[in-house]
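Participant: Here is how the chains run, residue by residue.
Number of protein chains: 2
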Amino acid sequence: MPADRGQSGPPTISEVAAEAGVGRATAARTLGGYGYVGPELRERVLAAAEKLGYRANALARSMSTGVTHTLGVIVADIGNPFFAGVLRGISDTSRARGFDTIVLSTYEDLDEEVAAANVLIDKRVDGVIIASAAVDRREVAHIRAAIDRDIPVVLVDRMVPSLDLDTVVIDNRDAAREAVETLIAAGHRRIGFVWGPPMAEAPATRRDLLAEAARNLWSDQERLRGYLDALDDARIPFDPELVMVGDKTEEHCTQEVARMLALPDRVTAVFCTEAEAVTGTLRALRTAGLSYPRDISLIGFDDNPWASVMDPPLTMIEQPVHDLGAKAAEVLLDILGGADPRHETHVLRSRLITRASVAAPS
Amino acid sequence: MPADRGQSGPPTISEVAAEAGVGRATAARTLGGYGYVGPELRERVLAAAEKLGYRANALARSMSTGVTHTLGVIVADIGNPFFAGVLRGISDTSRARGFDTIVLSTYEDLDEEVAAANVLIDKRVDGVIIASAAVDRREVAHIRAAIDRDIPVVLVDRMVPSLDLDTVVIDNRDAAREAVETLIAAGHRRIGFVWGPPMAEAPATRRDLLAEAARNLWSDQERLRGYLDALDDARIPFDPELVMVGDKTEEHCTQEVARMLALPDRVTAVFCTEAEAVTGTLRALRTAGLSYPRDISLIGFDDNPWASVMDPPLTMIEQPVHDLGAKAAEVLLDILGGADPRHETHVLRSRLITRASVAAPS
Numbered sequence: 001m002p003a004d005r006g007q008s009g010p011p012t013i014s015e016v017a018a019e020a021g022v023g024r025a026t027a028a029r030t031l032g033g034y035g036y037v038g039p040e041l042r043e044r045v046l047a048a049a050e051k052l053g054y055r056a057n058a059l060a061r062s063m064s065t066g067v068t069h070t071l072g073v074i075v076a077d078i079g080n081p082f083f084a085g086v087l088r089g090i091s092d093t094s095r096a097r098g099f100d101t102i103v104l105s106t107y108e109d110l111d112e113e114v115a116a117a118n119v120l121i122d123k124r125v126d127g128v129i130i131a132s133a134a135v136d137r138r139e140v141a142h143i144r145a146a147i148d149r150d151i152p153v154v155l156v157d158r159m160v161p162s163l164d165l166d167t168v169v170i171d172n173r174d175a176a177r178e179a180v181e182t183l184i185a186a187g188h189r190r191i192g193f194v195w196g197p198p199m200a201e202a203p204a205t206r207r208d209l210l211a212e213a214a215r216n217l218w219s220d221q222e223r224l225r226g227y228l229d230a231l232d233d234a235r236i237p238f239d240p241e242l243v244m245v246g247d248k249t250e251e252h253c254t255q256e257v258a259r260m261l262a263l264p265d266r267v268t269a270v271f272c273t274e275a276e277a278v279t280g281t282l283r284a285l286r287t288a289g290l291s292y293p294r295d296i297s298l299i300g301f302d303d304n305p306w307a308s309v310m311d312p313p314l315t316m317i318e319q320p321v322h323d324l325g326a327k328a329a330e331v332l333l334d335i336l337g338g339a340d341p342r343h344e345t346h347v348l349r350s351r352l353i354t355r356a357s358v359a360a361p362s
Numbered sequence: 001m002p003a004d005r006g007q008s009g010p011p012t013i014s015e016v017a018a019e020a021g022v023g024r025a026t027a028a029r030t031l032g033g034y035g036y037v038g039p040e041l042r043e044r045v046l047a048a049a050e051k052l053g054y055r056a057n058a059l060a061r062s063m064s065t066g067v068t069h070t071l072g073v074i075v076a077d078i079g080n081p082f083f084a085g086v087l088r089g090i091s092d093t094s095r096a097r098g099f100d101t102i103v104l105s106t107y108e109d110l111d112e113e114v115a116a117a118n119v120l121i122d123k124r125v126d127g128v129i130i131a132s133a134a135v136d137r138r139e140v141a142h143i144r145a146a147i148d149r150d151i152p153v154v155l156v157d158r159m160v161p162s163l164d165l166d167t168v169v170i171d172n173r174d175a176a177r178e179a180v181e182t183l184i185a186a187g188h189r190r191i192g193f194v195w196g197p198p199m200a201e202a203p204a205t206r207r208d209l210l211a212e213a214a215r216n217l218w219s220d221q222e223r224l225r226g227y228l229d230a231l232d233d234a235r236i237p238f239d240p241e242l243v244m245v246g247d248k249t250e251e252h253c254t255q256e257v258a259r260m261l262a263l264p265d266r267v268t269a270v271f272c273t274e275a276e277a278v279t280g281t282l283r284a285l286r287t288a289g290l291s292y293p294r295d296i297s298l299i300g301f302d303d304n305p306w307a308s309v310m311d312p313p314l315t316m317i318e319q320p321v322h323d324l325g326a327k328a329a330e331v332l333l334d335i336l337g338g339a340d341p342r343h344e345t346h347v348l349r350s351r352l353i354t355r356a357s358v359a360a361p362s
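Chains as they are written, first to last, in the UniProt record's numbering: chain A, 1 to 362; chain B, 1 to 362.
The hints are simulated quantities; they were obtained by calculation from the structure and are not laboratory data.
Quantities reported herein were computed from a predicted structural model and do not represent experimental measurements.
Hints may contain errors.
Here are the in silico distance ranges between beta carbons for each label pair [claimed, not checked]:
#1 Asp92/A / Leu348/B: 31 to 39 Å
#2 Pro305/B / Gly23/A: 52 to 60 Å
#3 Ser291/B / Arg235/A: 38 to 46 Å
#4 Leu263/A / Thr249/B: 43 to 51 Å
#5 Arg97/A / Ala141/B: 21 to 29 Å
#6 Leu290/A / Ser291/B: 19 to 27 Å
#7 Ser291/B / Glu344/A: 46 to 54 Å
We put the beta carbon where it would ideally sit given N, CA and C, even for glycine.
Construct the complete structure from the given sequences, taking the supplied hints into account.
Facilitator: Structure follows, in structure tokens:
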């Protein structure tokens with residue numbers, strides 16, 4: 001029978017620790033099945049847990065099946081070098097702490113993400129890191145399902161509305177604003193935004209654009225807001241014709257940049273939110289017989305080895321990809337080791353790497 | 001009691017099918033737990049299996065735990081766009097047939113590969129696709145362990161000596177020979193090979209080089225052999241100074257190409273076996289104040305969007321990455337569906353994409 005604790009709610013790890021007369025960390029390690037705990041202390045913790053009625057799912061799971069020392073990671077696109085870098089950070093950190101990492105890629109498809117979460121629950125991973133495609137509170141049931149089974153979840157790269165979870169991101173809005181400010185400082189006022197949230201047609205107003213963006217990924221919204229912030233600060237009016245409309249593909253990007261280059265008051269600079277938008281933009285320049293930075297200036301996400309060997313080399317935003325993954329794994333492993341989830345947003349710094357793709361408008 | 005079949009060895013699916021009076025495919029589907037089989041036929045197959053003592057692990061597994069409809073994939077480096085493309089091919093094909101795919105990356109570390117194979121066995125995947133880092137018959141115990149547990153394995157990208165498994169690859173030797181022949185046809189005779197098998201110092205002889213290569217990955221060996229084939233056919237003597245020595249990193253590659261550019265009889269062309277070797281070579285050219293194709297010609301593995309937006313665009317070898325993955329998944333799913341492993345090597349065609357990085361020596 002559980003002892004009367006004189007309060008409501010299930011007993012916590014701290015209460016078990018106090019009852020056993022051990023430190024909280026020792027209780028957490030014992031109950032979580034992680035790390036070394038001597039047999040005598042272990043016995044005391046388990047006796048205290050039983051006395052208090054501590055029966056967390058984690059305990060039941062570790063007792064019935066053993067912990068698996070496996071983390072599950074769900075990424076939006078394994079083919080994006082950004083996620084490859086994040087995965088390496090997760091892998092390096094979790095390997096150092098004795099955990100293997102299994103990865104599922106959803107290719108930005110929410111149905112696939114739901115299936116992936118179910119696979120990870122079924123495979124009994126100890127914890128999950130997700131770069132989620134969910135943009136709405138009605139789209140997070142699969143993440144809640146994992147948490148309900150006492151599988152801790154940490155978000156990476158993207159905040160998800162309505163989920164109060166530990167989250168590791170960069171400040172996308174600030175990174176975008178800095179890039180666009182750099183273009184403005186060089187003298188540009190006709191600055192294309194490539195690519196934006198997928199829209200069937202050009203937004204009539206700035207409000208329409210933001211409403212559309214709100215139905216898209218958090219990181220995409222934030223980059224758009226950073227672009228608008230920089231325009232606002234410089235009192236440059238927003239022009240809907242300078243935002244890419246349509247599918248987010250490299251091929252379509254090339255067409256949209258060609259359209260912006262053909263405007264009577266054409267773009268003189270382009271801000272690219274993805275590496276594929278950079279290559280799409282470069283293709284459009286070549287077709288139009290234009291070169292950078294003479295005819296057009298260019299800054300983009302994410303830096304990579306090719307951007308630095310281009311002639312001229314490209315000014316790019318570098319995300320701390322390895323650190324994003326390492327931090328997400330660290331937070332998750334701490335929770336698995338007994339730390340309480342802190343529901344914090346961890347914001348890492350990106351960096352604008354100045355090379356030679358920005359010049360004054362011709 | 002098993003019926004006397006008048007022969008040694010465990011009963012096969014074909015024998016169960018004959019006993020049940022059904023087609024082999026029906027017996028395979030029933031015993032493998034895949035695809036639709038009507039209840040009456042299913043009953044007959046199971047009765048025949050019991051009569052003959054058919055107790056394959058797969059049957060035991062599917063009966064006790066159910067199939068999991070999960071494929072496991074072990075890749076050498078999730079950060080290499082080549083593997084990202086292969087994974088997409090695997091994922092598209094397996095999703096279409098109702099299977100999820102979980103991925104582990106070994107970062108070319110054989111110990112990690114062994115751990116990854118154990119994770120996949122532990123997670124009860126139905127089948128495994130591996131791009132293995134194993135180069136020696138003493139390094140394949142983990143792959144045999146999966147097969148012994150009746151988890152079929154298909155190899156992708158790399159053949160592994162001593163493993164007689166279905167394998168999906170390109171003809172690396174032929175692809176390399178074609179690239180080097182293209183450089184020779186343009187008039188080059190001083191052609192660098194970047195990067196080769198990792199060697200501490202330059203090989204004294206061609207035989208030393210091949211012996212060293214034989215202790216490395218099959219695909220690396222094959223690309224080296226293709227380079228040597230092309231030299232032989234053109235009666236160009238092998239020069240050990242034109243082979244990259246040392247760590248296979250982009251940074252070290254830059255140093256090695258700088259060394260080859262500083263030789264009294266310097267390189268006039270470079271053949272790169274990896275995309276990172278291409279960016280490393282381009283960095284060395286920039287430092288030396290040289291440009292391609294005027295001062296030096298260049299062909300590399302693997303084509304990507306950046307190579308085509310360079311100025312001038314690069315002549316590159318394109319591997320059928322999606323098809324490699326799709327074929328590997330198809331072969332594996334066919335085995336899971338009841339087909340017998342055919343122990344075949346499936347060779348897909350790569351393609352040399354001619355752009356503008358090759359010219360006559362200056």
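Participant: Could you run down the list of hints and mark each one as holding or not?
Facilitator: How the hints compare with the structure:
no., hint, verdict
1, Asp92/A / Leu348/B: 31 to 39 Å, "holds, 33 Å"
2, Pro305/B / Gly23/A: 52 to 60 Å, "holds, 54 Å"
3, Ser291/B / Arg235/A: 38 to 46 Å, "holds, 43 Å"
4, Leu263/A / Thr249/B: 43 to 51 Å, "holds, 45 Å"
5, Arg97/A / Ala141/B: 21 to 29 Å, "holds, 26 Å"
6, Leu290/A / Ser291/B: 19 to 27 Å, "holds, 21 Å"
7, Ser291/B / Glu344/A: 46 to 54 Å, "holds, 50 Å"
Against the hints set out earlier in the document, no violation occurs for any number.
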